[in-house]
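Chains as they are written, first to last, in this note's numbering: chain A, 1 to 768; chain B, 1001 to 1160.
None of these hints come from the bench; they were simulated from the model.
Treat the hints loosely; a few may be bogus.
Derived, one-sided and incomplete: chain B residues facing chain A with beta-carbon distance under 8 Å [unchecked claim]:
no.: 1; residue: A1017
no.: 2; residue: I1018
no.: 3; residue: Q1091
no.: 4; residue: H1098
no.: 5; residue: G1103
Derived pair list, reagent style DSS-like, types lysine-lysine, alpha-carbon separation capped at 30 Å [as the list claims (entries may be wrong)]:
no.: 6; chain 1: A; residue 1: K228; chain 2: A; residue 2: K89
no.: 7; chain 1: A; residue 1: K424; chain 2: B; residue 2: K1147
no.: 8; chain 1: A; residue 1: K3; chain 2: A; residue 2: K409
no.: 9; chain 1: A; residue 1: K98; chain 2: A; residue 2: K228
no.: 10; chain 1: A; residue 1: K409; chain 2: A; residue 2: K89
no.: 11; chain 1: A; residue 1: K3; chain 2: B; residue 2: K1147
Label pairs and their computed distance ranges (CB to CB) [said to hold, decoys possible]:
no.: 12; chain 1: A; residue 1: A127; chain 2: B; residue 2: A1022; range: 21 to 31 Å
no.: 13; chain 1: B; residue 1: E1118; chain 2: A; residue 2: E639; range: 31 to 41 Å
no.: 14; chain 1: B; residue 1: E1118; chain 2: A; residue 2: D382; range: 52 to 62 Å
no.: 15; chain 1: B; residue 1: D1154; chain 2: A; residue 2: E631; range: 33 to 43 Å
no.: 16; chain 1: A; residue 1: H635; chain 2: B; residue 2: G1057; range: 49 to 59 Å
None of these values were measured; they are calculated from a predicted model.
In this text, a Cβ means the ideal position worked out from N, Cα and C, and glycines have one as well.
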Amino acid sequence: MDKVLGQSVPRLEDPPLITGRGRFAADINFPHQLHMRVVRSPHAHAEIRSIDTQEALALPGIHGVWTASDIPDIGPVDLRADRAAEVLKPYRQPVLAKGRVRYVGDPVAAVFAEDPYLAEDGAELVAVDYAELPAIVSVDDPLGEFAPGVGTEVAIIPYSYGDTEAAFAAAHAVVELDLLTGRHSGVPMETRGAIGRYDAAKDILELHGAAKVLHRNKETLIRMLGRKPSGLHLYESHVGGGFGIRGEVYPEDVLVLAAAQRFGRPVKWIEDRHEHLMCANQGRQQHHWARMAVDAEGRILAMEDTFHHDQGAYIRTHGVVVPNLTMCLFTGLYRVPAYRARAHVRLTNKTPCATYRAPGRYEASFVRERLMDAAAAKLGMDPIEIRRRNLITKAEMPYTIAFDEPEAKDGEIDSGDYALLLDKTLAHVGWDSLGPELARRRAQGELVGAGIGMFLEEGGLGPSDGARIAVDTEGDVEVITGGASLGQGFETSMAQICAEALGVDYRRIRVIHGQTDRIPYGIGAHAARTTVMTGNAVHATALAVRAKALDVASEILQTPGDELVIADGTVTRRGRATGPSITLGEIAAFLAPASKNRGAHAPGLNAEEFFNTTETVFPYGIHFAVVRIDEETGHVAVERFVVAYDVGRAVNPMLVEGQLVGGCIQGLGGALYEEFAYDPHGQPLAVTFADYLMPTAAEVPDVEVLLTEDAPSPHNPLGIKSAGEGGINGVGAAIAGAIDAAISTPGAVTQLPVSPQRMRELLRDRQA
Amino acid sequence: MTRKHDITLTINGHDHAITVDARRTLADAIRDQCGQTGTHIGCEHGVCGSCTLLLDGVPVRSCLIFAVQCVGVAIRTVEGLAQGDELHPLQRSFIEHHALQCGFCTPGFLMLAVGILENEPNISDADLRAALSSNLCRCTGYANIVKAVRAAADELRAGP
Ligand code: FES
Ligand code: FES
């Protein structure tokens, strides 16, 4: 097989998906299963006075109805072990509300029935008597009490270094902004689903429809349900998109498991879209007050940011990771001598929040890049020039951002040539002629303009991930990983890495993921770490299998190992197409446990290796947008969008581009259309696809991807960085800059999304 | 309790005799009672298009129609596209153009595209994009879907 790593080979995932033979959560059925329907709060904040389940229970086909009192031994949905600070624990979400509901959609009761239609009928008959309470709807509202003595401000988190006070005092100029990012979410096309099953013969409780971080979720569920580690397993099948929000532990996962065990029957729950838009994790909603000090040449002296983070009604599995992510790379690609940030994590009576693709980063990039644009305007400088002047240079790499706070993790930037990427981006768009061309069009009355957003990402957080590889006697390869697939082409990427290292056709490799009973550890698919961690684990393991194969082959072929090569699954002498050879399948047969020839070799052509690292990788990118605004309707047409991104090394450029384009369009949704709005009583206003407006083929530009490999990571043998979030990170920032430029009003955009209504307000303000 | 109806659905040329409530949607009946789970359900209110299939050659959202309304109608789903191991040109084109990531929206897009191209083989680029904008995809950003359908349209028009 020729080189396969770095090639845009077709995906292994496609054949079943393209023929309707995928297996998504709703496609999984077990004999004799029950169907669950959740009764949810219609109020943003209320006391539960009583719940009457009699009428529902009397309905034929209803098997049971649970309220909180039916599961007294099950605690609230737990935080992941590494996120479980004591102060957060009081804010966890009960599996079923106990005495109080805190957002519209909060689970109150669960109905179990023979058929999903009957379960819905039953749910409608559960009568709950509520006494409404005042709701906190805005994150800027006065603080309230979550419980007696427990306030709604969960934490105030500081990140800082350097002397910001002195820097602001000595500044040539200071810009100050008040900015809002809207509430969005990943909204995968497949809703959530969970099927619990208890296998009494093996005493194993099974969760099907699981996703993303199965091993961690297993730990959480074991703690919550009091199972032994060997007595509960999670199984991932096809997953219809994740984007950070799918695959966390939610109340429904716990309910189907508990019910499956108690009823002795499989229990299936499939979320409907209405529920999804009220109950799955949301994110992004922050209110920032940011300022920046610069000298007369536009060099940054200090940045400061205080923000309110709208956490929604509870602290979910992630704890407070999102506000941390907002702050830790806030300074982006720039050299910032002093920095001070404060996050106020506050609860509101709205859907709980957690990570959504580029969590915290999209928000931070919007704020930081707005500051850069504002400083450029204030100094009368070109927005691109002021950025260039402040870029951390290649010569400064590795570059450390060290915080004063001991609990704040320092940023140890591994590599990067930011100025080079900026040059390439400007050359790609033809800025020398595009800039004047846009100015000419503006002079003729068109509302067109360009904006730019530059950003830093972090991925590949360790500490460790493993893989197991076995070659069978046919020469087919099985790679077992603890990774997860949310549609990003994980199987293909891992097969390519294994194929390259081992010397087999990638199409003969079966990649296992998301099965906790196949491998006891796994990092899953989150925080853009899968390709880096699992990829390098697969690489190390494939090399170990290769070494084993060559060891045996050298014995059989009577040739020193270093004169042998493996290609297309066959070991031959280097440079000799003909002559003695042996296939990997034959070596596997030679190594079979009962093989007479095996001698002192350990049985089986297989290996297990780990990739360990304490370092992270820092991919980076530049987003460049050109927009044209319709003065009448406020419609913002995106004429061009360029995603320039240094991925270190691309395993499969086609897949990386796919991730970048898809992420970019999600980012455009968040910048221009999507918003989970609430009325003053905390009633959600976007609970259908008619209200939560995601981009369709009609709105999207043909995103241009400029993929570079100028800064491979020195921290892993493959040099790879992560790509999942590079398409979305800077979109809000670039669109905001472009809109400002189009209407020749620096600083006009202070809020995302810039919906057509808001755009029209901006146009009106401009005329006034 | 709603009255049960004995009906026969004809899916990809095969008859399925099932018993349904009047209120059972076509999407649910096909998936749960006929075992054809390639047709997906993404919203159940007619917006996302994941459930798109062909009724007598016309793309329809199967979440918005009841199974009892579909007796005597030729239903075509994604499972019927390939002829044995021979993929439909649209299926091949989707693979070649990386027009799917998670693949959840894919059956709906394929059936929508089949309907479009069978009814309007010479469709313009602008009309094609407009027609494809009736379905949602959250992974790909659409560009590759549009490219894949365009390429398949050209191939189909050129003939074998
Ligand atoms: S499921 Fe039918 S249109 Fe969304
Ligand atoms: S490929 Fe995932 S929704 Fe379209």
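Evaluation of the provided hints:
1. A1017: It is violated, given that the least Cβ distance between A1017 of chain B and chain A is near 19 Å, above 8 Å.
2. I1018: Violated - the Cβ of I1018 of chain B stays beyond 8 Å from chain A, reaching only about 14 Å at its closest.
3. Q1091: OK, holds: Q1091 of chain B within 8 Å of chain A, min 5 Å.
4. H1098: holds, 5 Å
5. G1103: With a minimum Cβ separation of about 3 Å from chain A (threshold 8 Å), the hint on G1103 of chain B holds.
6. A:K228 with A:K89: holds, 23 Å
7. A:K424 with B:K1147: holds, 26 Å
8. A:K3 with A:K409: Given pair K3 of chain A, K409 of chain A is violated - Cα atoms ~38 Å apart, limit 30 Å.
9. A:K98 with A:K228: Satisfied, since the Cα-Cα distance of roughly 27 Å is no more than 30 Å.
10. A:K409 with A:K89: holds, 22 Å
11. A:K3 with B:K1147: holds, 27 Å
12. A:A127 with B:A1022: 21 to 31 Å: Given about 27 Å between the Cβ atoms, the range holds.
13. B:E1118 with A:E639: 31 to 41 Å: holds, 33 Å
14. B:E1118 with A:D382: 52 to 62 Å: holds, 53 Å
15. B:D1154 with A:E631: 33 to 43 Å: holds, 38 Å
16. A:H635 with B:G1057: 49 to 59 Å: Hint violated: Cβ distance 35 Å, outside 49 to 59 Å.
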